[in-house]
Amino acid sequence: MIPDAKIPAGPLAQKWQSHKTRLRLVNPANRRRYHVIVVGSGLAGSAAAASLGELGYEVSCFCYQDSPRRAHSIAAQGGINAAKNYQGDGDSVRRLFLDTIKGGDYRAREANVHRLAELSTAIIDQCVAQGVPFAREYGGHLANRSFGGAQVSRTFYARGQTGQQLLLGAYSALSRQIGAGAVRMYPRHEMLDLVLVGGHAKGIVTRNLATGEVRSWAADCVVLCTGGYGNVFYLSTNAQGCNVTATHRAHRRGALFANPCYTQIHPTCIPVHGEDQSKLTLMSESLRNDGRVWVPRDAADCGKDPSSIPEPDRDYFLERKYPSYGNLAPRDIASRAAKEVCDDGRGVGPAVGGRRLGVYLDFASSISRLGEGVIRERYGNLFDMYGNITGENAYRRPMRIYPAVHYTMGGLWVDYNLQSNIPGLFVGGEANFSDHGANRLGASALMQGLADGYFVLPSTVADYLAGVGLAGRPSGEGAEYRQAVAETNDRVARLLAVRGKETARSYHKRLGRIVWEACGMARSREGLTKAIADIRALRDDFWRNVSVPGDGADLTPELERAGRVADFLEFGELMCRDALVREESCGGHFRTEHQDDGEARRDDARFAHVAAWEWRGEGAEPVRHAEPLVYEDVQFTTRSYK
Amino acid sequence: MVKENAPGGHDATLRLTLRVWRQRRGQPGAFEEHTLAAVPTSASFLEMMDLLNEQLVRAGKEPFAFDHDCREGICGMCSMTINGMPHGPLPGVTTCQLHMRNFRDGETITVEPWRARAFPVLRDLAVDRSGFDKVIQAGGFISVRTGSAPEANTLPVPKPVADAAMDAAECIGCGACVASCKNGSAMLFVGAKVTHLNLLPQGAPEADRRAVAMVRAMDDAGFGNCTNYGECQAHCPKGITLDVIARLNRDYLGARLRGFFASTGKPRRGGD
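First to last, the protein sequences are chains A and B.
So for the first sequence, our numbering puts the first residue at 1; every next one is plus one.
So for the second sequence, our numbering puts the first residue at 1; every next one is plus one.
The reader is advised that the hints may include incorrect statements.
What the hints assert, rightly or not - Calculated lysine to any residue pairs in the SDA-like style (CA-CA distance at most 20 Å, straight line):
| hint | chain 1 | residue 1 | chain 2 | residue 2 |
| --- | --- | --- | --- | --- |
| 1 | B | Lys-159 | A | Arg-494 |
| 2 | B | Lys-61 | A | Gly-140 |
| 3 | B | Lys-61 | A | Arg-505 |
| 4 | A | Lys-509 | B | Leu-56 |
| 5 | B | Lys-159 | A | Gly-140 |
| 6 | B | Lys-159 | A | Lys-509 |
| 7 | A | Lys-6 | A | Asn-545 |
| 8 | A | Lys-501 | B | Glu-54 |
| 9 | B | Lys-134 | B | Glu-206 |
| 10 | B | Lys-159 | A | Val-492 |
| 11 | B | Lys-61 | A | Ala-493 |
| 12 | A | Lys-642 | A | Glu-583 |
| 13 | B | Lys-61 | A | Asn-545 |
| 14 | A | Lys-501 | B | Lys-159 |
| 15 | B | Lys-61 | A | Glu-560 |
| 16 | B | Lys-61 | A | Arg-494 |
| 17 | A | Lys-501 | B | Asn-225 |
| 18 | B | Lys-61 | A | Ser-547 |
| 19 | B | Lys-61 | A | Arg-544 |
| 20 | A | Lys-20 | B | Ala-149 |
Since the hints were made in silico from the structure, they are not lab data.
Source: prediction; values computed, not measured.
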């Protein structure tokens with residue numbers, strides 16, 4: 001049975017405010033007696049740890065990087081949405097809410113999304129006060145730009161480094177609390193298990209990546225802000241270390257995993273260039289404000305120099321198909337359109353594996369209209385990055401782009417308080433599932449991470465702590481802790497003991513190829529069924545043939561990688577299974593059997609629900625629970641960006 | 001400048017000899033020599049290191065440990081000294097954004113960790129940069145309680161000021177400035193943070209305290225002094241310039257002087 005989502009009663013716009021006044025509080029003098037563990041130090045984790053520490057709780061924060069400042073939130077380029085309506089172009093909380101619900105293709109929870117839109121404005125205030133250097137107009141006020149999926153300019157940005165600047169803001173707040181002794185920071189620590197005592201989350205097991213030490217930590221509750229699982233595809237825009245381990249381990253301990261098949265394929269990434277590539281690089285969606293996407297009309301022109309192809313022979317396919325949004329169509333739609341023209345044999349750029357997978361993003365008309373200086377001012381760092389990676393000058397010839405895995409909307413199931421079905425286990429940021437439905441709009445991830453971390457978790461964690469009280473707290477010495485440590489040690493030992501011939505990376509690559517083909521931009525019953533069998537076979541092979549040199553008693557990146565790949569090999573199956581059962585197309589989930597001429601066909605009668613999966617043990621079938629999506633305010637409609 | 005691909009350059013490969021630093025924590029280290037037969041010119045430097053490590057693991061040998069994460073030049077985790085230069089020969093890029101088309105076929109490449117007293121080697125090419133975090137913890141922030149911030153547009157910031165603060169805020173905290181400095185000084189890093197925060201009106205109330213506390217923490221963490229050689233500027237992948245050091249010196253000196261003249265000698269009484 002799926003637990004209650006605890007959506008407060010009352011009118012949509014008042015739910016959060018009235019809920020907040022009902023949440024229980026912890027007396028300031030008692031707060032330091034509660035220990036809260038925060039895992040992950042990206043926007044959600046840093047913001048939550050800093051805010052909880054500032055409120056007076058004893059906080060421990062863990063991250064796998066060498067410093068909390070390096071979490072992958074740092075790589076977000078384009079911006080953060082907020083319903084400030086500084087441009088006077090008709091924006092409002094209501095409109096941001098509606099855009100986000102529609103962008104998510106009516107598969108997100110209404111109450112959560114409304115709260116997100118409400119909190120968006122306070123985030124900007126908070127970040128500006130921290131000294132985040134957002135772009136400004138000459139009058140000294142904040143500047144905005146437009147972003148995909150919206151018809152207002154509500155996106156705040158700091159050049160092409162918005163995520164970096166927001167993270168450095170949250171990191172500075174966290175550092176202030178570390179310096180003040182309110183937060184203890186544990187970098188180079190990876191969470192490898194969750195400890196349950198009496199059915200509540202009361203601690204974690206970590207491996208110190210620098211020394212190899214495995215140990216447990218006791219706490220009154222655990223907050224996971226450990227990001228998404230995009231690296232299940234091997235090639236993605238995620239950082240190399242991004243992984244599913246923390247959430248998957250919590251899932252194995254009983255936490256429900258919601259909508260794992262909702263993954264976002266970002267339309268504007270640099271195309272794959274070769275077999276040894278380790279990652280894909282995003283080119284900010286903001287580029288679509290000034291760049292026009294096209295391919296040749298005739299497949300015979302694809303190998304030609306783009307400047308030699310005259311206007312009438314170019315197909316500006318987004319402008320043609322979606323005249324009202326044009327190049328700013330939402331990500332899922334723009335990605336699919338690019339895949340379609342490449343499948344039609346009209347892709348451009350060098351062929352990899354016999355196929356040209358790329359489309360042009362052309363700035364020529366913007367450069368002639370605005371001048372190269374303006375384009376350089378807006379996107380200079382992106383053009384430089386593109387030049388470094390491809391060896392091409394995008395001021396002189398069109399960029400080549402292709403969709404790539406970027407973000408995962410699915411995540412651990414949480415209620416309105418961001419608490420999972422395991423009491424005391426909270427999940428924030430990309431690691432939870434709640435706000436983006438089946439597709440995330442641009443500039444919404446930063447908004448959600450910070451809303452969860454600064455404004456939601458500090459209130460809801462307090463409510464849980466006040467409810468459980470200080471009596472009967474686990475000491476950290478119990479059998480549950482010892483057993484979790486023993487199981488983790490055993491798993492590390494098993495990985496080291498295989499002593500096979502293949503590298504963990506080679507398994508990761510093969511897994512990535514399977515899920516990209518079967519569970520990427522287009523999914524079918526046949527492909528998914530085969531993928532599930534292939535992943536199982538690969539998993540068996542992994543545990544027989546993987547090679548992890550060394551003894552693990554030191555900094556051992558191969559061991560870290562092998563552990564993460566092992567978890568991806570379990571999780572990838574769940575993702576395909578979820579995609580297989582969801583017999584409809586919605587947002588980023590496109591089932592080839594359910595379409596109207598290339599447009600997604602939702603089935604609200606059968607699938608207007610959250611799928612939340614329960615782990616039943618290795619080799620056992622997981623159980624799918626459904627939480628109905630009840631819309632009190634908005635109507636289900638078919639998305640149209642035409 | 002970016003080296004552009006020759007026509008058909010996507011498929012070209014290089015044969016390379018690599019001299020790579022091998023070291024366990026607390027023990028002396030040494031170079032190890034390896035060859036790679038076919039490195040694609042389109043690969044990044046870290047992808048070339050992946051190829052080397054894959055080759056070692058397949059042969060049952062231990063791969064080289066090195067720090068890296070985002071591989072798009074923004075997280076600041078990658079940290080290799082390549083042919084004596086932090087982040088390698090191409091100006092304005094991190095190691096992860098250095099691509100193999102910038103090297104020649106048959107070349108020998110020397111790969112070392114950051115070399116600085118304040119950055120002890122953890123293993124092979126990975127070093128401990130926690131000194132940077134300690135400096136930020138001492139004062140690299142603006143104290144604002146969550147949820148207590150005023151409406152963002154009530155405090156206009158002139159665009160040139162906001163732009164200059166952003167220039168300084170681009171620092172990724174990689175430590176190339178320290179690694180390139182013969183004194184192992186962190187003045188470029190600290191200067192960038194102090195400049196970012198002290199330029200903005202939001203940062204003004206704590207400006208003096210910040211400069212003094214961060215400089216003290218920098219000294220405590222074992223970083224050396226600045227003698228204005230400017231190697232840091234030359235190797236900074238984000239183009240942070242020496243004027244942030246001038247700003248830091250000015251703010252620090254001003255803060256100390258103001259602190260001296262503001263002192264009445266009367267012991268402070270706390271609380272009310």
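*What hints, given by number in increasing order, does this structure fail?*
Structure breaks hints 1, 2, 6, 7, 10, 12, 14 and 17.
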